Every structure is written in C-alpha cells, then in structure tokens.
Amino acid sequence: MKSSLTMTLPDTTSTRSGLPWRQILLGVLAVAIVVYSFTANGYVVTVIGFAAIYALFCTGLNFFMGFTGQASFGQNAFAALGGYGSAILTADYSVEPAVALVLTMGFSGLVALIVGYPTLRLRGHYLAMATFALGLITYEISINWTDLTQGYMGYSGIPPLGIGPYYADSPKAQLAVIFVLLALGVIAAARLKNSRFGRACRAIAGSELAAGALGIPVARYKLISFVIAAVYASAAGSLFAHFVGFISPEVFGTAMVVQSFTMLYLGGIGTIAGPLIGAVVVSMLPEVMRGLKDFQTVGYLLLLLAILIYAPRGLHGLLERILPDREG
Amino acid sequence: MTTPLLEIRDLSARYGHVHALKPTSITVAEGELVTVLGPNGAGKSTLLRAVTRLTPGPGTILFQGQDVSALPTHRLSELGIIMVQEGRGLFSEMTVRENLILGGYNAGGDAGELSARMERVFTLFPRLKERLDQTASLMSGGEQQMLAIGRALMAGPKLLMLDEPSLGLAPRVAAEILETLGELNREGLGILLVEQKAPLALRLAQRVYVLSLGRVVAELPSHEIKSHHDLARYYLH
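Top line first, the protein sequences correspond to chains A and B. Mapping to this note's numbering: the first sequence position 287 is 269, numbers consecutive. Mapping to this note's numbering: the second sequence position 148 is 318, numbers consecutive.
One or more of the hints may lead you astray.
If you want the ones that stay clear, here's a sample from chain A, every Cβ over 12 Å from chain B, calculated [as the list claims (entries may be wrong)]: (1) 26; (2) 28; (3) 118; (4) 149; (5) 166; (6) 173; (7) 186; (8) 190; (9) 198; (10) 200; (11) 203.
Example chain A residues on the side facing chain B (calculated, C-beta under 7 Å, incomplete) [to be verified]: (12) 162; (13) 165; (14) 189; (15) 293.
Just so you know, these hints were derived from the structure itself, not from any lab. These figures come from a predicted structure and were not determined experimentally. Using N, Cα and C, we set each Cβ at its ideal position, and we do this for glycine too.
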C-alpha cells in the first residue's frame, strides 16, 4: 500500500517496473552527442552549439506553450534582448560576459512582465498575433535603432563567455559552457514542471476555467510562465552572441520563430526531452541531407512532414509508443 | 437571525447583448442543500458562473456575511466556494491522482492535509482509488463525474455548487451520485445544485428556486413543489 505522502504526489515511478529504457536510450544519445562534439571538427562543434542554444530556447518556449498551453510567436524578441543586451554590455561597457548574461536575463524577464501583463489578457489567435507583433517590433527596432544596434551591419567584437580570468577561449570550451547551462536549464524546467506551480500550469493548459475554479490564479501563472520563457530565450540569445561573436537582426527574425516551432512540435511539445530532441534533429537534418544536393530542401521538408503525420506527438511521443512506461 | 452561508442580491450577468441573468437574489443557509431548477436557457449555469465570477456582473455576493463581490475566482475558491462545472471540466490528459492533487491546490502543498482529503474522497467514491493512475479521459461518464466531485471536495469546500451533475449519466449512476451529495449535505456541507429535471434532487433539497428567462419565478421548500401543479408536472415526472 502506498504511503499517504506518495498518494499526494504526482507519482511517475511507483507503479512502474523494469528498466526505464526510453530514459536510458535518451541518456546514452545525449552522452554520445556530447562526446562526439568534443572529438569533432570546428564545423560540427558550431552546428551542435547552435542546436544546444536552440534547445535552451525551446525548453523555455515549451514551458509557456507546452506546459501552460499558451501561444507565443514572439519569443524571438527576448532572444534579441538577450543577444543585443550581452553584446552592448560586454563590447561597449566591458561588463563581464557572465554578468551581462545574468543582467540581460533579468532585464528580459522584467520586459516580459511589463509586456505580458496586458498582452496575456488575450487568448488564442489574438494572443498569438499580439506576441507575433512583439517579435516584429523588436526586429524593426534592431534594424532601425542603428546607434544602439548598428542595424543591418550587425554587432561584432562580442567576447566569448567567461568571468574574471576564466574565459572559454575556444569553440569547444564555449560548447562545454553551453552544455552546462543547457543542463541547468533542463533540470530547472523538469523541477518546475513537477512542482505545485508546474502542475497548476498544466491545469491551465487543460482548462483555464476549471483551473480558476479550483483556486489557481490563472492570469498570474500565465504571466510567470511567460516570464520564465522570456528568461530562457534571453539566455539563448546571449549565448548565441558570445558563441558566434557577432549578431545581426536576421539572427532573431521570424525564421527563429519558425525554426523553434518546428523543433518543439517535431521533438514533442509538453515533454522535457522533446525540445532537446527537436533541436538536435532539426539542426542536424540539413547536414545529414547534404548528399541530396539540389533536392536537399525537398527531402528535408518531406521528412518533417512524414514525422509530423506519423508521429503527431513528436519524436518523443513516438519513443513513448515504442518504449512505453511499463505498469507494474 | 443567523448569517446565511451565501446570499446574493440583485446579481445579474450578460453575454454581450444577451441579459442571461436578470437581477436575482437567492440565499443558501449553512448546511442547506438548495436546488435551482429551470429549463434550458433559464440562466441556471450563468447564475453559478456569476457567483464564482467566471462571468462577472453587477450585484452583491455575501459569503458568510462577508462581501466577496469584488474577489476574483481563485480567491473565492480559497474562501471555500467551489464549483463543479457542467461538462465536469476535468484535466482530461491527467490521471485521477493528478486531478485530485490539483483539486487540493488551495491546501497550499500541505501533504498531510491533501492526504486526509484524498482518503475522504476515496471513502465516498471507492472507484476513484481503483483508477488512481488512469487518465481521466479514459473513464466512464459516471466515473468522470465522481472525479469532478472528488476533485471539488479536495478543495475543502464550504459551499459546493454543481451544474447539472446528472447530465448524460445513466439513471442509476446519477442516483448514486446525487445520494452521495445528500450524504455530504447531511454532514453539514452547504450545496447549491443546479438541475434541469431531477425528482431525486428535489427529494434531497430543503429549498428550491425555479428560474425562467433569467429570473427567479418561484422559491419554495422542496416538499411544497407537489402542491404547485404546473411545477410538479414539469419537474417531478
């Protein structure tokens, strides 16, 4: 018989027996990617670095869209705030990159709080349109406020990540830092998902009316979830700036929204591993399909369509079907 | 005179131009089971939604003598006003356990309190204990309604409001559920029960309000409904 305490917790293990093969497989794959990236050449390091940065971005977006069930087409705005914030603070004001990363995360969170308060009163398509507008406005600012952002010319001379005398002065060292931050971000997201707050967010995704009727402060939690997603996006934007050493408006344009949505839905929205799987697969696919030459884009799109048709809950959902949690 | 558990005065609500609930006043005493009857479109569901501020409108809502008219839904829930919506409003992708835990959200994460409430729910609805790790969407209609009520009880209600809990259920299951509500009421829980046609609900209730076109058209002790031939013909047969 279960203890009274376990009765009250979202038990995900107590009724299952056997080895968690899916988790083991995902863990092995993650370790393999990490090991491979440190033995590979510079180009592969760059591709995996971008994948890891997008994984962090999508982990935050997943909190707002997957767990809380809201739509945001404008998270690129917060990535831009992070990227440009870190670039300006480090290149122009000689702020330590790690400090700049934290400062811009805080600033983006504050902006999300101010913008989200009125915006999140909207629902469905209206919320999607409002957030999309937020991304477009930020994009326009990054082009036109040239004194601050250097417009289309882009911002160069951004130092690599580091603090004090410790700098990640090689791409692989930077990748190691990105992996560490990604791991922290994923652990934080997993803990939040299974917290009282995370369960409340999932309840909001299920039914806002029912959640409100049970005493969950729906508006406040949607706003907090939006802020969390913004902070993750900001961190991803900052990491990109430090990893590449250069940013321009296109980096944080609408393509970023499309790319992140593809990763989220292809990997499996509403799961912890889904955004990671999606980020890796979507980043790697063009490289894997280079052999198709002129038909590379066609092959890429066909494969994406096939995955979305035959695995509507994403690759993580497909894995769940193949390697389900076994009931005891 | 004792303070009523719930007293609403001239509460009304609109959906755009439609005045779904015209100024309405009702009371529920401590430990009383009150049934609200009325045909489709009478404003019964709107009444419950207006009380819980899911559909806010002008009027005064007093709960245990305190004016709660300006409070948002989640604050009313914290005070003990809990509603089971029409259609149950379950978190369909979550398990029975997760639904119940979320019901106890206002317990503030107190594991002991949650556990005690959950045991009480299992005493009333043993089937929920058997289905603890089952996804809510895979349960039968009757089990889903039990879960919806169980989840509401997890919130520790002082006033439980239910919107047509027997809707779409087999007569035997509906009777079982309404009997459980009667048991809860006998233990002292105040209940405001909306039903369309429910002889059993009338048998359980102490008083009845009849709504029509957004207004209260009758208020009477439930046993008197038999003497009103027009109401009895409509609601008791």
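Taking the hints in turn, this is what the structure says about them:
no. : hint : in the structure
1   : 26   : holds (38 Å)
2   : 28   : holds (38 Å)
3   : 118  : holds (31 Å)
4   : 149  : holds (42 Å)
5   : 166  : holds (24 Å)
6   : 173  : holds (14 Å)
7   : 186  : violated (10 Å)
8   : 190  : violated (10 Å)
9   : 198  : violated (6 Å)
10  : 200  : violated (7 Å)
11  : 203  : violated (10 Å)
12  : 162  : violated (30 Å)
13  : 165  : violated (27 Å)
14  : 189  : holds (5 Å)
15  : 293  : violated (17 Å)
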